[in-house]
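J.: Listed below, chain by chain, are the residues.
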Amino acid sequence: MVGKEIYDFTCRLFPINRYLMGEGVRKTLLSIKEIIPEMQICEVPSGTKVFDWTVPLEWKVREAYIENERKERIIDFKKNNLHVVAYSNAIDEWMPLKKLKEYIHTDKEHADSVPYVTSYYNDHIGMCMSERQLNALPEGNYHLYIDSEKVKGSLTYGEIIFKGDTDDELLFHSVICHPSLANDELSGVTLAAFLAREIREMRGHRYTYRFVFVPETIGAITYLAKNLFYLKEHVKAGYILSCEGDNRAYSYLATIKGNSLADRMAIKVLSELHSDYTKYSFLDRGSDERQYNSVGIDIPVCLVCRSKAGEFPEYHTSNDNLDFVCPEGFQGSFEVFMSIIKLFEKNRSYRTKVLCEPQLGRRGLYSNVSFSGSKTPYKVIVDFLAYANGDNDLIAISDILDVPWERLNEIAEILLEQNLIEEM
Amino acid sequence: MVGKEIYDFTCRLFPINRYLMGEGVRKTLLSIKEIIPEMQICEVPSGTKVFDWTVPLEWKVREAYIENERKERIIDFKKNNLHVVAYSNAIDEWMPLKKLKEYIHTDKEHADSVPYVTSYYNDHIGMCMSERQLNALPEGNYHLYIDSEKVKGSLTYGEIIFKGDTDDELLFHSVICHPSLANDELSGVTLAAFLAREIREMRGHRYTYRFVFVPETIGAITYLAKNLFYLKEHVKAGYILSCEGDNRAYSYLATIKGNSLADRMAIKVLSELHSDYTKYSFLDRGSDERQYNSVGIDIPVCLVCRSKAGEFPEYHTSNDNLDFVCPEGFQGSFEVFMSIIKLFEKNRSYRTKVLCEPQLGRRGLYSNVSFSGSKTPYKVIVDFLAYANGDNDLIAISDILDVPWERLNEIAEILLEQNLIEEM
Amino acid sequence: MVGKEIYDFTCRLFPINRYLMGEGVRKTLLSIKEIIPEMQICEVPSGTKVFDWTVPLEWKVREAYIENERKERIIDFKKNNLHVVAYSNAIDEWMPLKKLKEYIHTDKEHADSVPYVTSYYNDHIGMCMSERQLNALPEGNYHLYIDSEKVKGSLTYGEIIFKGDTDDELLFHSVICHPSLANDELSGVTLAAFLAREIREMRGHRYTYRFVFVPETIGAITYLAKNLFYLKEHVKAGYILSCEGDNRAYSYLATIKGNSLADRMAIKVLSELHSDYTKYSFLDRGSDERQYNSVGIDIPVCLVCRSKAGEFPEYHTSNDNLDFVCPEGFQGSFEVFMSIIKLFEKNRSYRTKVLCEPQLGRRGLYSNVSFSGSKTPYKVIVDFLAYANGDNDLIAISDILDVPWERLNEIAEILLEQNLIEEM
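Residue numbers (the working numbering), protein chains in the order written: chain R, 1 to 424; chain V, 1 to 424; chain X, 1 to 424.
Treat the hints as calculated values from the structure; they're not laboratory data.
Don't take each hint at face value.
Copies of the same chain look alike in the list, so a pair counts if it fits in one copy or across any two.
Think about it this way: if two alpha-carbon atoms lie no more than 27 Å apart in a straight line, the pair counts; the simulated BS3-like pairs of lysine-lysine are [unchecked claim]:
id, residue 1, residue 2
1, Lys342, Lys4
2, Lys226, Lys108
3, Lys257, Lys353
4, Lys342, Lys150
5, Lys108, Lys342
6, Lys353, Lys226
7, Lys27, Lys346
8, Lys232, Lys152
9, Lys150, Lys101
10, Lys163, Lys150
11, Lys279, Lys78
12, Lys226, Lys98
13, Lys346, Lys257
14, Lys71, Lys279
15, Lys99, Lys342
16, Lys279, Lys49
17, Lys232, Lys49
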């Protein structure tokens, strides 16, 4: 089961100290490159202007802990990399509990877990711990120690392109900037790697597939700034991959227009495979679909995932760990996306070539003794021919007839062979 | 009551042995010609290519029965022409009951009636009887005797055209290939004859009316193959006439697009006369609307009938007989179609010619002493003028105002006379 | 409170004997001119052709009463100007009760009140009284005395135009032909005067504001006949002001198209301020929106009022008096229309100028330490930027985001200043 392979790969990448830019990202990409050697790894220097933004400095952290007067480490970043605020400045200072608290972030709603906090673009010193642990700390002096620095470096991203028969593209985008958080976002990265492996092993495909691995927001903006014109011309549909590993729900978040090919494929596949999936509006967005759908970019990218980011209690806490994701969760996501890929490959518009209904009987496509009720099994062929008007694609006809699109694709193949329809 | 005349004519045509092609069809058409001498009868030879099809052979049947060892005829086609499968090959053979059953068609859902079975395009030998009769047959030898042959001949169809002031056409299509089945389809044929008689007696009409009498499917395809370009250009709306004689329901089946003039007229008339009518989707189609609405033909033809084919238990069994249809049933259908014809003649778009509301008072169209509530009877005139913008036709304004279209037509005539509106 | 000022002004104008044309209209307009000296008063002579109509004669009434045999005046127009039918011919005749009744109009549904009756375009002699009073009259002779005459004169209307930075106009239309009826229609006239005063005191405005005071129907037609081409080109939206002084409800009556700028502004403002307002279709219209929305005029004018004309029991009776309107009622209408004016001034379409989301953090528009839940207060800025695509105006974005338009306007001002969006 590929779901197990993805889970195991997730376990391997989980402990890496990934932050927006730096060695954690590079290690993660090199691990993916072991699976997909075709991956290109690109570096964009700190200080590069990308649209309204500037690529920031890299952040290095060597040590980060709080110890008490007895030199016992209360929390240590080496035990859980969520304990330090990402991009925190350095500090080395003893202070009373009251002052220490000014540096501590907790999540009161989830008092037992360590929250995930970042401060990429603002100078800040901070550590994170559980609300419960903080409340239990006795009065006294504490040593807050963060040995970190921000240095000129580069933003690192990965890109895999499998050329197809045409330049039209399906894009999969995943994000590689979160430390040890399993579902949001690592699960999307590891799923993407195995989807890429599956496409590499396909014998041939009409469309080109692009996999992008970037740090969230600044990475997406950098990638778009470098590739905008090509992507606008060629990407026909795209998906953000994140939160793909839990086994609770299926979710879809629409593009800003809501009726793009990306949306129509997602809705068709989910409604056929998991009709109880949850629909979210673009107003509920949170990840890099924000950049793709923005004014002037206008690339239709939506979200298909298990539990949506922000909609599960483990989100952005230390509880989003390897216990929350599972092989079955990954397997479900993998199958949904492979169905979307299959639909992307197979979906097209056909037009019936003969005038009036063709004589299906002499082609073995119709029961030859006709009486009441006998037409049912052939009805779908006749209906397909009626609605194959050159405008309706397989998704549209599937919606009209309420017949699964794969069944219609089988029929289309028979009718093409019989020269009764033509591809537009 | 014309319904009684139609019923009597139906009784006269009911016993004729009509099959896809041959003498039964010709006898039927000659009977109609007695009512409408203008009818043209056309013959298209067996073997003629019509789109994807070929006109088949004629079928003649002289005898068809099963007798038992005591020479008693168990069933005989002369008693009920449904007993023989239409286009069955010949046979003359004694056989045991078990083997006989391989040749027998029954309808288990309607165990007391003889089903209607055809095998036009496939070699087949078969007879039909009721499930109950078959089950009661004792063991023994039976003589299966069918004296039939398929011969070169021709497909016969009838056509009546009443030229109007314009070449725009309303088409009525009925089918003449079923043996003794009263509602599906003979009722449509006999209704068409009397609608044609009514139009012939009109003093003048703006539109041209076309009545087509053909065997189902192959006849429609043949007719379209011979007349496609003219029909595509001139037919503005059309109706399939069948199942017009029972008195249970009113039904409408949409064209493939669902919003053509044919649909809009049918919906308007039925919702005004029989607002409890049943709407069917084009997906529920079954008769020659399949051909007219097919890709590349695109002639908007829909169905207005009483109980729809396939939706009443008597359908395609020996129970669809002269007891199932009645004068009242025919009368209802006749009135609906005459309303559609009237609407077709009267419906058009008008545009108000004066700027602002005209002064209706000085034209006697408005109560001259105005106080609260007094405007009601004139409200519809004012509303008509407001919505007569040159785009809205009578049907559209009737929908907006929720006022019967005939009332609006009366108003339009007054306003035309007053020079307050102009026809588009 | 301006509502109190409007109410007081209403009390002052209430007793004036206003009829379609004549001194009552002129007195009313001169009173308004005291508030808005810029008002132009125009006279259009009797006999002038205006579209399908002709400006009628003026009507003068000096005395109108009924007295009994003891010379007691049963009703007297000097006590209530509704007692005489507007434009009634003169009479001076003693008659028995039975004959008298032929001249009397009552309102049986509201048996205690005097109905409002007019007969502008038809010769008629009539008086009005309550049903209850009529029924109580004893047998005997009565003196019906109306000293009135129709004379050549002119139709009088008022017009106020406040030029803005552009020639695009918002129009407010009120009607000045009803005698002592407070809500329908005087309340619209007095509200208009105070809205005009408010606009005069604005420091500057982008749009031009036009206030029109005319007798209903013939006045609107006259005004349109004289100004059609200019109005068609420049009026972007308009409102009929009437029934603005009661305190029971808020109502909106759509333009004929239902989705014009006038409609969209009315719906946006009412749904934000008084979400329980009642919507009426254009089919329920009754005032001069009839003329503006007519075919070929096509100026989008709708109705925003308190209780709609015809929908309250006091309508067109002597109960529509100064007890029915109140300062609070006027205050509510004033605030709604000032909101519409503000929305008209502020509403426009913007387009986001940067590609991808801008970096809000460095502009102080984003929380710089980001963790779960922290984005909420800035979400609306990000959403605004996503939907500011150059087509959506503030109303459209407000509908999509379900955020009050004024909040979006504040955001637009910030984003304009930051050079992140541009006005279309």
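J.: Work down the list of hints and note, for each, if the structure agrees.
T.: So, going through the hints one by one against the coordinates:
1. Lys342 - Lys4: within (22 Å within a copy, 61 Å between copies)
2. Lys226 - Lys108: neither (41 Å within a copy, 70 Å between copies)
3. Lys257 - Lys353: Classified as between; 19 Å across copies, 33 Å inside a copy.
4. Lys342 - Lys150: neither (45 Å within a copy, 49 Å between copies)
5. Lys108 - Lys342: neither (44 Å within a copy, 43 Å between copies)
6. Lys353 - Lys226: So Lys353 and Lys226 pass the 27 Å test across copies only (18 Å; inside, 45 Å).
7. Lys27 - Lys346: For Lys27 and Lys346, neither the intra-copy (37 Å) nor the inter-copy (52 Å) Cα distance is at most 27 Å.
8. Lys232 - Lys152: neither (31 Å within a copy, 63 Å between copies)
9. Lys150 - Lys101: within (24 Å within a copy, 90 Å between copies)
10. Lys163 - Lys150: neither (38 Å within a copy, 59 Å between copies)
11. Lys279 - Lys78: neither (39 Å within a copy, 64 Å between copies)
12. Lys226 - Lys98: neither (48 Å within a copy, 79 Å between copies)
13. Lys346 - Lys257: Both, since 23 Å and 26 Å are each at most 27 Å.
14. Lys71 - Lys279: neither (51 Å within a copy, 72 Å between copies)
15. Lys99 - Lys342: This pair counts as neither: shortest intra-copy Cα distance 58 Å, inter-copy 50 Å.
16. Lys279 - Lys49: Answer is neither; intra-copy 36 Å and inter-copy 52 Å both fail.
17. Lys232 - Lys49: within (20 Å within a copy, 50 Å between copies)
Of the hints listed earlier, those the structure fails to meet are numbers 2, 4, 5, 7, 8, 10, 11, 12, 14, 15, 16, in rising order.
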